[in-house]
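So the sequence lines, in the order shown, correspond to chains A and B. Under numbering that gives the first Met the number 0, think of the first position of the first sequence as 0, with each following residue one higher. Under numbering that gives the first Met the number 0, think of the first position of the second sequence as 0, with each following residue one higher.
Just so you know, not all the hints are guaranteed correct.
Claimed, not checked - Derived Cβ-Cβ restraints for the label pairs, each shown as a range:
no., chain 1, residue 1, chain 2, residue 2, range
1, B, G134, A, L37, 36 to 42 Å
2, B, P50, A, L53, 47 to 53 Å
3, B, N4, A, V97, 18 to 24 Å
4, B, P50, A, Y178, 23 to 29 Å
5, A, L89, B, A51, 16 to 22 Å
6, B, E58, A, D23, 43 to 49 Å
7, A, L89, B, D164, 49 to 55 Å
8, B, R119, A, E185, 21 to 27 Å
By construction, these hints were calculated from the structure, which means they are not laboratory data. Yeah, the Cβ is synthetic: ideal placement off N, Cα and C, and Gly gets one too.
Listed below are the residues making up each chain.
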Amino acid sequence: MEFEDLQKVWQSQSAAPKVTIDADVLLKEIRRNQRQFLAIIRNRDAREVGVCALMTIGFLYWGISSRWWSMYLLAACCFGVGTFFVVDRLAQRKRRPVKNDSLQACIESSLFQVNHQIWLLKNVFWWYLLPLLVGLIAVAGSVVWAKREEGTGAMVVTAIIYVIVYGVTFGAVYWVNQYAVRKQLEPRRHELESLLANLK
Amino acid sequence: MSAQNQEAIFRRWLDEHLGLMLKIVRGFAFAAEDRDDLFQDVLLQLWSSIPAFRGEAKETTWIYRVAFNTAMTWRRGEKRRRLGHENFIKLDTPAHTAPSHVDSVAEQEMVESLYAAIRRLPKVEGSLALMHLDGLSYQEMAEVLGISENYIGVKLNRIRKQLADELKGATYGV
Numbered sequence: 000m001e002f003e004d005l006q007k008v009w010q011s012q013s014a015a016p017k018v019t020i021d022a023d024v025l026l027k028e029i030r031r032n033q034r035q036f037l038a039i040i041r042n043r044d045a046r047e048v049g050v051c052a053l054m055t056i057g058f059l060y061w062g063i064s065s066r067w068w069s070m071y072l073l074a075a076c077c078f079g080v081g082t083f084f085v086v087d088r089l090a091q092r093k094r095r096p097v098k099n100d101s102l103q104a105c106i107e108s109s110l111f112q113v114n115h116q117i118w119l120l121k122n123v124f125w126w127y128l129l130p131l132l133v134g135l136i137a138v139a140g141s142v143v144w145a146k147r148e149e150g151t152g153a154m155v156v157t158a159i160i161y162v163i164v165y166g167v168t169f170g171a172v173y174w175v176n177q178y179a180v181r182k183q184l185e186p187r188r189h190e191l192e193s194l195l196a197n198l199k
Numbered sequence: 000m001s002a003q004n005q006e007a008i009f010r011r012w013l014d015e016h017l018g019l020m021l022k023i024v025r026g027f028a029f030a031a032e033d034r035d036d037l038f039q040d041v042l043l044q045l046w047s048s049i050p051a052f053r054g055e056a057k058e059t060t061w062i063y064r065v066a067f068n069t070a071m072t073w074r075r076g077e078k079r080r081r082l083g084h085e086n087f088i089k090l091d092t093p094a095h096t097a098p099s100h101v102d103s104v105a106e107q108e109m110v111e112s113l114y115a116a117i118r119r120l121p122k123v124e125g126s127l128a129l130m131h132l133d134g135l136s137y138q139e140m141a142e143v144l145g146i147s148e149n150y151i152g153v154k155l156n157r158i159r160k161q162l163a164d165e166l167k168g169a170t171y172g173v
């Protein structure tokens, strides 16, 4: 059988298959879905930036009222992380894949986004955990120092508790991020790379 | 673009190009549930793309682009945003049953075999096969995929041979 025969049969599929669509219901659903999607994005951004802003204000207030200099440092670290979030989000907004681009352009921008996401998560220690850790270590140092009147034993115990709590919490956050890279983002990257290779 | 214009264009595209959208969906997804998912995604992306449509590209080229880009990044079984519960479409024909507009049983079987063969191809080749079977020119295919016409020619030679070979053994009474 020649390809032209196949093409002829293929094209005999009418342009009007027997599928009925209720366009009114569909449009209503699409609009609702689009609103939901935009709300999800807005809420996610607001949550990330909002938490950083609240923490900055909270620690700043705490610092002013308690006169603990380490709280100022922690507030500054939270502000830095929040600023990084905002700048990164704004920079990435311009490079979102556009579905009406050519396939190659769309895959390239999707790949760029996935690579950026991998970079962010692989380096989560440097831009997220470390700044917070610096502030928190300063706070822990202040608390431990405040225990000096209760003796060295109390200082050591307090320090150990902080080390364990910070270690477990930050270790878990780091592990979750690396797991997401391994299980979700890297397979996605390979998939997009092989699609792109097929186009070149 | 006003919301009314967007809606008018969307309704017209549904009227005029539904067959094209469904062919692409069937070329990428086999199970009814997957087809339903992918079709919903294609419709959502088409709706969102309309404000950017200036009429510089042909409507079919635009729809191919949006639908292929959506299908390429679509992942089977992935939990995703769904349209609501209101049922606006039924894509519930069993996988082995072609739409009734295909003339004979033999032709229905051949079309089904073609869809199956296309789904076995790598995604990019599958897209090319769908467009080639629909009779798009090399230039149109190049516009959709963003690659050179020469490269398309090379790829299509392989795809034509592969599809013809796969369906060679079968007899469909054509």
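Going through the hints against the structure:
About 38 Å separates the C-beta atoms of B:G134 and A:L37, a value consistent with the hinted range of 36 to 42 Å. Checking the proposed 47 to 53 Å range against B:P50 and A:L53 shows it is violated: the Cβ atoms sit about 35 Å from each other. Between B:N4 and A:V97 the beta carbons are some 20 Å apart, a value that agrees with the proposed interval 18 to 24 Å. In this structure the hint that B:P50 and A:Y178 lie 23 to 29 Å apart at CB is violated, the actual value being about 38 Å.
The hint said 16 to 22 Å for the Cβ distance between A:L89 and B:A51, and at roughly 21 Å that hint holds. One distance hint, 43 to 49 Å for the beta-carbon pair B:E58 and A:D23, is violated here, with the actual separation near 22 Å. Look at A:L89 against B:D164: about 52 Å separates their beta carbons, and that is inside 49 to 55 Å. In this structure the hint that B:R119 and A:E185 lie 21 to 27 Å apart at CB holds, the actual value being about 26 Å.
Hint compliance for this structure: hints 2, 4, 6 are not met, and every other hint is.
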